Structures are given as C-alpha cells and as structure tokens.
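Enquirer: Listed below, chain by chain, are the residues.
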Amino acid sequence: MAVIETRGLTKRFGDVLAVDELDLTVRAGEVYGFLGPNGAGKTTTIGLLLGLVRPTAGSARVFGAEVGTEVRSVRGRIGVLPAHAELYDRLTARKHLQFVIQVKDADDDPAALLERVGLEDAIDRSAGEFSTGMAQRLKLAMALVDEPDLLILDEPTTGLDPNGARQMRELIRRENDRGATVFFSSHIMGQVEAICDRVGVLDGGRLVAEDTVAGIRASATGGPELSVTVDDPDGAADRVRATEGVASVAVDGETLRIALTTVEDKGRAMNAVAESGVGIRDFDLREETLEDAFADLTDAGPDESPEATVSDEEVSAR
Amino acid sequence: MTTYWFEVARKDFADAVRSRLFWALSVLMLALAAGGMYVPRAIDDQPAATDGLDLLSEAMLLLVPVIGLFVGYMAVVGERRTGSIRMVLSLPLKRSEVILGKYLGRTAVVVVPIVLGFALAAPLVVALYGSLPVADYAGFVTRVALTGAVFVAIAVGISGSVAARGTALGLVVGTYVLFEFFWGLVPLGVYVLLNGELVDPTAAPTWYDAVLRIQPSNAVDAAVGGLDGISTARPLVLQEWTAAILVVLWLAGPLAIGYRRFVRADIS
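Each protein sequence line maps, in turn, to chains A and B.
Here the numbering used here is used: the first residue of the first sequence is 42, the next is one more, and so on.
Here the numbering used here is used: the first residue of the second sequence is 186, the next is one more, and so on.
Just so you know, these hints were derived from the structure itself, not from any lab.
Computed from a predicted model, the values in this text were never measured in an experiment.
We put the beta carbon where it would ideally sit given N, CA and C, even for glycine.
Hints are not guaranteed to be accurate.
[Unchecked claim] Partial list, derived from the structure: chain B residues whose beta carbon lies under 7 Å from chain A:
| hint | residue |
| --- | --- |
| 1 | Thr187 |
| 2 | Glu192 |
| 3 | Arg205 |
| 4 | Arg226 |
| 5 | Ile228 |
| 6 | Asp230 |
| 7 | Met272 |
| 8 | Ser275 |
| 9 | Pro277 |
| 10 | Ser281 |
| 11 | Leu285 |
| 12 | Asp321 |
| 13 | Arg445 |
| 14 | Arg446 |
| 15 | Ser453 |
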C-alpha cells in the first residue's frame with residue numbers, strides 16, 4: 042500500500058519551477074530517503090505533501106487522501122520535523138511538547154519523549170537557550186508524539202554532531218521497526234546509506250533517480266572496484282571472473298581491475314586472486330561512496346553520466 | 186476532546202505572558218488607571234471619580250488602538266517569518282483554527298492587562314473618593330477592552346492577509362492614521378462642500394453622525410453606551426444596537442478577510 046503517492050506533482054513560484062512533474066511512491070513500512078542538493082525542491086515537495094503549499098498541477102495523496110482536505114485524519118497520523126522552523130523562544134521544551142500532545146489528543150509523557158531524543162535535562166528550559174542541535178532534538182521529540190504512522194523529517198540531522206546524527210539514525214530505525222513509514226530528506230548522501238530501503242534523488246525539481254542505495258550506487262558510478270597488482274594478471278583473471286560477487290575483470294598492465302557487486306564481495310575476490318597462485322604485489326580498494334554517486338547524479342550533465350537511471354525521454358527534456 | 190482553537194490561543198498567550206511586552210502593558214495600565222483617577226483629586230475642590238474616567242477616556246482612545254494593532258500585527262505573519270507556522274500547520278489544525286486561536290490569544294494579551302490594571306487601581310479609587318462608581322467604572326473598562334479587541338481583530342486580519350512583516354506594519358500604521366486622524370475629515374469635507382460652512386457638532390445631520398460612528402472606537406463607544414439603555418427616540422442609525430452590529434462587523438470582518446487570504450497562501 043502506498044502511504045505517499047504523487048502523480049505529476051508540479052509547483053511553480055512565478056517563473057521558478059520548484060517541483061516538476063514528480064511521481065513519487067512511498068510504500069507502507071519503508072524508510073525512504075529523499076535526497077538532493079540544497080534548492081532541489083525537497084522542502085517544497087514536503088510542503089505539498091502536507092498541504093502547506095498548493096500544487097500548480099498534479100496530485101499528492103497521503104494515506105490515500107487528497108492533501109489539505111483531510112486535515113484531522115491525515116495530519117493526525119503524521120509526525121513532522123519541519124526545516125527552517127524556529128521554536129518559540131520563550132516556551133520550554135515541556136510546553137512545546139504539551140502543545141503538540143494536546144492538539145493531537147495524545148497521552149504521551151513529555152519527559153519520556155525528551156529522554157528518547159537525549160534532551161531530558163532540558164525539559165524546563167526555554168527553547169531560546171537551545172543550540173541548533175538541541176532545537177533539532179526537541180523538534181524530533183515533537184514529531185514522535187502519538188506514535189505517528191508516518192514520519193516526515195526534513196533534513197533531520199541539521200545542526201547535529203556526528204554522534205547526534207547517529208542517534209537520529211538509530212531512532213529512525215526504531216520507529217521503522219515499530220511499524221512507522223519514514224520519509225526523510227537530506228542533502229548529505231552518506232547519512233541515508235545505512236538506513237534507507239529506497240532512495241529518490243531530486244535535482245532541479247525532478248526525480249533523477251529512484252532505487253535502493255546499492256542500486257543508486259551501482260548505476261551511477263559502476264560500483265566498488267578492487268585493483269590487485271600481480272606478477273601474472275592473465276593467469277588469475279579467469280578464476281577471479283568466475284567468482285561470485287565479481288561483476289567484471291579487466292587486465293590493465295600488471296593490474297587486475299575487479300568490479301565488485303558490493304563492497305562485501307572484496308574478500309571473496311581477494312581469495313580468488315590468492316588461490317590462483319600468482320604473486321600479489323599490491324592491492325587497493327576503491328569504494329565508490331554514495332557521495333560520488335550523488336554528485337554524478339546531480340551535478341554532471343546527462344552526457345557525462347549515461348549510466349545514471351535517467352530515461353532517454355527525461356535526458357532529452359533537460 | 187481537543188478544542189483546537191483553544192490550544193492555539195493557550196499556546197499563544199502562554200508565549201506572550203513570558204514576554205516583557207505583556208508585563209509592560211500591565212504596568213502601564215495600572216499606572217494610567219491610578220494616575221488618571223488621582224488627577225481630579227489633586228486639582229479639583231469637589232472631585233468626582235467619573236471626572237477621572239473622563240480624563241482617561243481621551244488617553245485611552247489614542248493609546249488602546251495602538252496597543253491592539255501592535256500586539257496583533259505579528260500574530261500570523263511573525264510565525265511565517267520564523268517558520269514556526271510550518272510546525273503548527275503540520276499538526277491536525279485547520280487554518281481557521283489558527284486564525285481564531287491567534288486572535289483570542291492576542292486579545293487576551295491586550296484585555297488582561299487592561300482588566301488587571303483597572304482592577305488593581307479600584308482600591309485606590311475607593312481611598313481617594315470614598316466609593317467606587319461601579320457601573321461607570323465597569324462600563325469604562327468594558328469600552329476600553331472592547332476597543333482593544335476590535336483593533337486586535339483588525340491587526341490579526343492584516344497579519345493573516347500578508348506574507349511579509351513590512352507589509353503588515355505598513356497596513357497597521359495606515360489603519361491607525363486613517364481611523365484616528367482622517368476619519369472625521371471625510372464627513373466634514375462633504376458637509377463643507379454641501380453647505381459652505383463648518384458643521385455645528387450639536388446640530389449635525391444624521392448622516393454626519395452616522396458616518397463618524399462607523400469608526401471602530403466610536404462604534405464601541407456608542408455600543409457600550411447601550412448598557413445604560415437604548416436611545417429609541419433617535420434615528421435608527423444612531424441607536425446603540427446598530428452600533429453593536431458595527432462592532433460585530435469590525436470584529437468578524439477583518440478576521441474573515443484574513444482567514445480567506447491565509448487559507449489560500451503557500452507557506453513556503
């Protein structure tokens with residue numbers, strides 16, 4: 042079942058096309074990473090999903106309902122961490138949470154919510170005293186009120202240190218284990234790798250790729266590559282080629298360039314080289330990061346990255 | 186059962202109570218009430234408490250609209266500026282509930298200091314004059330509070346209608362200048378054009394008084410006067426209950442316009 046479904050969703054602000062014919066489907070129970078550089082249209086898309094922004098064309102449905110018309114039933118099931126939203130400086134963390142709890146008619150305990158985000162000591166402090174990271178934690182706690190069926194998190198790791206970002210990922214995973222569907226945006230690819238079931242890459246308001254993390258990585262960059270310098274490359278090539286997890290092998294002078302399906306296949310490939318009896322002089326693993334894939338998808342023109350999962354039609358339209 | 190607009194109002198008021206503005210207003214109201222009630226005692230041989238109220242009336246007429254407009258104009262547009270409106274509108278709240286809750290919260294910010302200030306000044310009135318003219322005193326406070334509530338409605342209506350703080354500020358300043366300085370000039374100008382002479386305030390034609398009374402403070406003044414009895418001998422447009430209808434229109438009209446524009450706005 043689709044929790045979020047947009048068809049031809051388009052938003053134009055004057056001359057600026059912020060979201061361009063977006064077809065997005067987020068299925069129940071998945072963690073969906075919505076990626077794109079700053080200004081790609083992620084926040085506008087989230088605004089469209091929540092009914093904050095009206096579409097110029099197309100439709101956005103959440104839990105099967107047209108957004109904006111079913112305020113109570115739809116938004117009551119969603120927990121949102123908005124981007125670019127300041128807290129109320131004079132109100133304490135407790136007051137912020139009480140407001141959300143009351144509006145959602147929930148019975149959560151503010152202290153317990155703050156404990157989950159590591160902010161329990163600040164319960165009676167005013168939000169005006171909070172650092173960016175603390176504010177982000179409080180906003181997350183507000184999103185968690187009433188065990189939402191869908192979490193929409195806009196750049197949730199903004200202002201968090203690496204430890205905070207890790208805790209955020211753990212929390213997202215736990216919420217997902219509980220049964221929540223999670224839709225979150227980020228401009229940092231590395232943050233989504235570990236937790237996303239699927240990733241959509243937005244650039245210039247268009248969805249330029251949508252796949253699993255491994256799929257995005259492979260399609261955009263060719264995947265990880267193991268280079269092994271040996272004294273007899275041809276003697277080892279066939280054996281390595283037949284190894285599970287090896288996509289292809291090329292001989293480049295004394296170096297075997299072994300394309301791997303996933304990074305985890307490196308051990309098996311290395312073993313195959315060793316077992317073929319050739320002398321190993323050196324080796325190097327080029328682990329294409331998702332960051333590289335991201336850069337390929339969003340910066341390079343279609344001519345430079347023909348392997349990206351962009352259809353011909355879309356390429357000609359760009 | 187959640188009363189959605191009430192939660193918005195409660196949060197808004199809770200936020201305001203922690204601001205210096207709220208307490209400054211409360212102290213100002215107490216100082217004005219106490220000062221205004223003391224002056225007749227100091228300068229007059231046979232002072233009456235109602236003289237103090239008359240004295241305060243002029244000051245309040247100028248001051249309370251400013252306070253109402255100032256307290257209200259950032260209600261919605263201020264939250265758009267900080268982005269906190271995104272958080273509010275991500276909750277199961279309708280935009281109508283946000284406007285209504287904001288209006289009630291801001292009205293409380295204006296009305297509570299007025300009531301508080303005059304209530305605390307009441308014992309002083311008793312000490313100065315031997316007794317409190319309860320009906321006059323309460324009527325006066327009602328008039329001032331209602332004037333505040335009307336101007337908050339105008340300001341919140343403006344706040345919901347615009348996307349930028351500067352626009353809202355310009356509009357509330359314009360509103361103040363229009364109502365406090367220019368409103369009387371329009372019927373006066375028309376009268377002079379028609380009759381070639383200045384109007385005699387005690388013998389002005391009905392239409393002249395009726396136009397003057399449309400102005401929000403005047404409408405409130407006339408409507409609250411109805412608490413003492415309806416002037417049935419006067420023409421219909423100058424009776425107190427027509428003024429009460431005007432007050433209701435001044436409350437509901439700006440809020441309705443603000444809502445209609447806010448509900449269509451893109452919060453981006």
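Enquirer: Next step is simple, just say for each hint if it's right about the structure.
Expert: How the hints compare with the structure:
1. Proximity of B:Thr187 to chain A holds as hinted, the smallest CB-CB distance being about 4 Å (cut-off 7 Å).
2. Because the smallest distance between the Cβ of B:Glu192 and any Cβ of chain A comes to about 5 Å, under 7 Å, the interface hint for this residue holds.
3. For B:Arg205, the suggested interface contact is broken, since its CB lies about 10 Å from the closest CB of chain A, more than 7 Å.
4. A hinted interface residue such as B:Arg226 counts as satisfied when its beta carbon comes closer than 7 Å to some beta carbon of chain A; here the least separation is about 40 Å, so the hint is violated.
5. Interface hint at B:Ile228: violated, since its Cβ lies 42 Å from the closest Cβ of chain A, which is beyond the 7 Å cut-off.
6. A cut of 7 Å between beta carbons decides the hint on B:Asp230: the least distance to chain A is about 49 Å, and the hint is violated.
7. The interface hint given for B:Met272 holds, since its Cβ lies 5 Å from the closest Cβ of chain A, which is under the 7 Å cut-off.
8. A cut of 7 Å between beta carbons decides the hint on B:Ser275: the least distance to chain A is about 4 Å, and the hint holds.
9. Interface restraint check for B:Pro277: the shortest CB-CB distance to chain A comes to about 4 Å, inside 7 Å, so the restraint holds.
10. The beta carbon of B:Ser281 is not positioned within 7 Å of any beta carbon in chain A (closest approach about 10 Å), and the interface hint is therefore violated.
11. Residue-level restraint check for B:Leu285 is violated (minimum Cβ-Cβ distance to chain A is 14 Å; threshold 7 Å).
12. Checking B:Asp321 against chain A: minimum C-beta separation of about 37 Å lies over 7 Å; hint violated.
13. Taking 7 Å as the C-beta cut-off, the interface hint given for B:Arg445 is violated, the closest approach to chain A being about 14 Å.
14. Violation of the interface hint for B:Arg446 is found here, the shortest Cβ-Cβ separation to chain A being roughly 13 Å, above the 7 Å cut-off.
15. For B:Ser453, the shortest C-beta to C-beta distance to chain A is roughly 5 Å, which falls under 7 Å, so the interface hint holds.
Comparing the model with each earlier hint shows violations of hints 3, 4, 5, 6, 10, 11, 12, 13 and 14; every other hint is respected.
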